[in-house]
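*Asks:* If you're matching them up, the sequences are chains A and B in order. Numbering-wise, the working numbering comes out as the position in the first sequence, counting from 1, plus 491. Numbering-wise, the working numbering comes out as the position in the second sequence, counting from 1, plus 225.
Where hints are given, some of them may not hold.
Below, in silico cross-link-like pairs of lysine to aspartate or glutamate (EDC-like), each with a Cα-Cα straight-line distance of 16 angstroms or less [unchecked claim]:
| hint | chain 1 | residue 1 | chain 2 | residue 2 |
| --- | --- | --- | --- | --- |
| 1 | A | Lys-892 | A | Asp-929 |
| 2 | B | Lys-347 | A | Asp-1199 |
| 3 | A | Lys-639 | A | Asp-654 |
| 4 | B | Lys-563 | B | Glu-458 |
| 5 | B | Lys-577 | A | Asp-1130 |
| 6 | A | Lys-1140 | A | Glu-933 |
| 7 | B | Lys-347 | A | Glu-1202 |
| 8 | A | Lys-615 | A | Glu-548 |
| 9 | B | Lys-577 | A | Glu-1254 |
| 10 | A | Lys-906 | A | Asp-666 |
| 11 | B | Lys-577 | B | Asp-556 |
| 12 | A | Lys-839 | A | Glu-900 |
| 13 | A | Lys-1255 | A | Glu-1115 |
| 14 | A | Lys-1255 | B | Glu-654 |
| 15 | A | Lys-621 | A | Glu-540 |
| 16 | A | Lys-839 | A | Glu-1115 |
| 17 | A | Lys-906 | A | Glu-1115 |
| 18 | B | Lys-577 | A | Glu-933 |
Okay, the calculated bits of chain B under chain A, using three or more residues with CB under 8 angstroms as the criterion [to be verified]:
| hint | region |
| --- | --- |
| 19 | 606-613 |
| 20 | 639-650 |
From chain B, some residues computed to sit far from chain A (all C-beta separations above 10 angstroms) [claimed, not checked]:
| hint | residue |
| --- | --- |
| 21 | Glu-240 |
| 22 | Glu-266 |
| 23 | Asn-356 |
| 24 | Ala-376 |
| 25 | Val-380 |
| 26 | Pro-417 |
| 27 | Pro-430 |
| 28 | Leu-478 |
| 29 | Pro-540 |
| 30 | Gly-570 |
| 31 | Glu-621 |
Since the hints were derived computationally from the structure, they do not count as laboratory data. All figures in this text were calculated on a predicted structure; none of them were measured in a lab. All residues carry an ideal CB built from backbone N, CA and C; glycine is no exception.
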Amino acid sequence: MSEFQVVGHSVTKYDALALATGEARFTDDFPHEGFLELALLWSSHAHAEIVSLDTSEAEGVPGVVAIFSAANVPRVLYTSAGQGAPEPSPYDMVLFDTTVRHVGDRVALVAAESLAAAREAVGKIRVEWKPLPPLFDAEAARDEGAPKLHGGDHHAPLPVPYDPGHNLAASVSFDFGDREGAFDRATRVEEHEYRVQYASHCALEPHAALASFDERGRLVLVSSTQVPFHARRITARVLQIPTGMVRVIKPRIGGGFGGKQEVLIEPLVALAAWRTKRPCRLVLSREEVFVSGRTRHPVRLRLRTGADPRGNLTALDLDALMGAGAYGPHALTVLSMVGGKTLPLFNKIPAMRFQGNSVYTNLPVGGAYRGYGATQGFFALNQQIDMHAREAGEDVISWIKRQTIRAGETSPVFKALGEGKEGVDQIVRSCALEACLDRGAEAIGWKEKRGRRLCPTPDTVRGVGVAVAMQGSAIPSIDLASVSLKMNEDGSFNLLAGAADLGTGADTALGQIVAEVLTVPTEKIVVLSGDTDVTPFDVGAYASSTTYLSGKAAEKAARDVASQILAVGARMLEVPREELTLAAGRVCHAPSGRSVSLEEVACDALYARDQHQIQASASHVAPESPPPFLAQFAEVEVDRRTGHLRVIKFVSAVDCGQPIHPALAEGQVEGAALNGIGYALWEEYRFDGQGRLTNPNFWDYKIPGVRDLPEMVTILVPSSEPSGPFGAKSVSEIGINGPGPAIANAFFDATGVRLFDQPFTPEKVLRALREAGGS
Amino acid sequence: MILSFAVNGKTVTVEGPPLRRLLDVLREDLGLTGTKEGCGEGECGACAVLLDGHLVNSCLVPLFQVAGRSVETIEGMAPQGSPDALQRAFMDEGAVQCGFCTPGMVMASRALLRENPSPRRKEIRTALAGNLCRCTGYEPIFRAVEGAAAAGYEVAPPPPAPEFRVTCTEEGRIAFFPESLPEALEILRQHPDAVPVAGATDLLPDLTRGGLPGPHRVMDLTRLEELRGIREEDGVLVLGAGETFASLGRSPLVRRLFPSLGECAASVGGVAVQNRATLGGNVMNASAAADSPPVLLALDARGVLVSGEGTREVPAKELWTAYRRTARRPDELLTAVKIPRPAPGTREAFFKLGPRRALVISRLTLVCAARLEEGRWRGVRIAVGSVAPVPHRLEELETFLEGRVPEEGAVREARRLAEDLLRPRTSREYRRDVGGNLVGRFLSSWISPR
Ligand code: FES
Ligand code: FES
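Bound-form chain A, shown alone (with noise of 0.2 angstroms):
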């Protein structure tokens, strides 16, 4: 099945057995004992003014050992998002400010002894507020009158457009072609408004950090972060102390999703254990991680489609106003990522414009997650195409498949759109699509259910819908990763990766592209990743990147390694190089049918002649970002009484490239896929008047579970990306980009009814088909 050894193979994951036996450690499985604790007052106002902090009472609870708020920590502007430096977002917060900007913003924290003390103190902390007027409505967030939520010194750091007094954390625009002409001259245009809202990562694992000391009083953080790197340059910049004093190691993650490409409690623990000179501890409680965490970002979307005769789109104008929330992390690349990860797909359109703004509100604060804008724009490019295809009486599969990119095909938005700065220009080397369709159409029974409306009750009736994607691999031009790689005497290697592994099992895919390079079975291959002290750079894991560009990194440091081993073993053998060949572990001389073992090879040379070790170390850029592409279709089911909304099937085809670990592989889009599933039909913030999030836990923000699990089905569809590790694409974001529209079809395929505002609960569902008299 794979043209491989070891790529492209289910191998055992690394972990497996640790996590599986409960010895792997996460951050908070760690020894603590002689820890202090940490414990945070929260801001209970969305918008205010601390007028005075009182601390005197609670510093009187026996086993206080420190409080921390504006009034004894310097002020340093800084962004919490953990991206590359100088960060695309805007330096618009501090560890603890005057002002507080959400309900969840820090105010203190407390080190304490125990967990109770510590607590306890919180309770008693005195705050007198000056209550602001406070900004919960996007839509009014760049009107003159509207309350102002920063100012002042905060700025971006990159030359990009930031202007606070509109309420503005980020905006973005482009066009080309001649829109209005095409739009005039259109026989059918559609226009519509769509929203998506805020949701929560969920990751099981709530954020967890940990603080000690090395021998020579370096600060060693152990911390559940997706960016090991960035935490480490962050936090030191937020201390004020060198970057090299403070190593980050990354355990076993429970999870990220993007919520942990934030650096967001390093800081605290490091200040509080550089303060006290003791180590600290803090664990985010699940209300915690909901209402002071980072979040989808929600997005109002405005989507202006005109189509020929045909049905061919001629003329495409987006705009979408995303709610950043009360500070910027990524408020303007996940804005930007709206457009660019989703309009290349439709490189046909001559005319286009997507402008978008990112405004903050008195919410709680946005971030990466997965999908990380895609998501969100999909939601609306789905149901219009979806639209489209129904008047020209089309299709939608055939549909899609005139109107969507192909290999050998570029974008102009590919350039337009980059993160932070211009994107690349890239042509499209790899493409399945059209298979994703076919075989995902199949799988699904689109000829037998589309358009079918069958009614297994009186009161219930269902429908088939689809919807495609793409995402990247990496962020071009701009993400590093790097690994190094050396031998040892029995013919096993290290692969110190400065990559880091969620949960994905994205070190077992490193070591899988490696030991397919040295022909070794992966056991041989002992990685090690995300420690800042002993592994190479790498930005960490985001944006799709780890198994395309650490895995290139991977390959290069491998073939390195290769060709050191065929130099050592040419010298042993006594026959030129060039006529060696590495298989199955040995050396090997064809002419001559000699050949040496990995292990003699390392030995010779760390031993015998010409001493050195056999190593490698290596760096990966790529120019372009070669998109994974999928398909998507969703059986629903609606009760008409009831409103429940339910997907009986949910079938997903992607194209990733070569998976290097299939089953892995297919999780990581199944993973996905059910995570869509829930952000479409449940998962949601709900604030009262207040901005406080009313629905901060699992009993009330409700994730899939087994009883709501419709059949799955995943199928990886073959194709091989030229610039990828053996052929592979990036997979781990791109299934969580369909499930809203295709539910959306579906239930439109089933009732004649659109949904245009996730989540779809029964209440909206409902009053949905009662407004279309469909009840």
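Please build the complex by placing chain B with the ligands on the supplied structure of chain A, with the hints as guidance.
*Replies:* Relative to the frame of chain A, chain B with the ligands by itself:
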């Protein structure tokens, strides 16, 4: 307090306040960090362990209730670090992504396979319903359980528990462990502030959420045999207040006589919660969103309240007096719930919208019962929960329907009446609509059998 219990077959003695979470005892005091905390509210299953062989969420188990019991954790499954066959199946099927949910999933699967060595897909789903995984999409986890079962995975019986021995140390915070009903009643007489604790599935999250220290005196109800049993006495079904939802859901008697109660029991959370949450606790906690009260109302149940002075039976209609208030006096204990055998031909329906225990999301529980006698509806009872501070019957609607002939017009009228009678404070329009529709659906079953 100081107490002993068995962990993976070894007796341990720990000291701590009675309401300290078993999860913290395992992780912090005993260093068994394989058990994880994902929510602290009983909703994710990451902290699942086995207690006397039953799956429980250790974040919902107060320390004092494990005295003299046997706890199994993930560490006990692979004592030498070599995985057992179930763990290996998880590895092989790719069921381990980040692995944070894995220990809980493995424990839930183990509990299932101990009872049911070759489960069907549906049974696996039910068994894992309380365990969340954000990474995998669950499919590989199902395959792992099936794989282990197919390979003949055998689960040893739970290791024995040590003798029950406790010492109360801390002044003021006291736990009582009555062994008999009279003893429990005597404790309540002397200490009216003592809080009876059964499954603790509501108590502990309430405390964590409110950041509260909890009651000073608690009384363990799990040792009272008198609160157990499901039996029929003279045409009346007697359900021990201490029976868990798991046992109600499994009871053939309950399922046969009162399908709506069986359905209700099976809908309460996952297995770990059903194993702990009791009927009595659900009734006495009087949460507006509790699942069983509307069922008991519709079934004309009565609560049996016992004190040193005697026994009284309170009809369901009078049990819940106001938001989170019941008719129980501090010296009384709910020992059983009695439900009269339904008249022959009675049909029941249990409808529940919205997730369990949700406090914000619009919910509605509607329970209907009626029968046809000589072509007319008789014994119509319709109860609702989650729409008002107290669950209640829609009596006007019942009166309207009583004795009426099933036909479209009556259904339409009933639907309208139901909408009028439902007055939720939030999501008003929606819940009224749906309430009316569901009443309509129930009644229509006599007109156009589905
Ligand atoms: S920690 Fe989530 S159920 Fe216990
Ligand atoms: S594997 Fe990550 S939560 Fe299940």
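*Asks:* If any of the earlier hints don't hold here, list their numbers in rising order.
*Replies:* The structure breaks hints 11, 13, 16, 18, 19, 20, 22, 23, 27; every other hint is satisfied.
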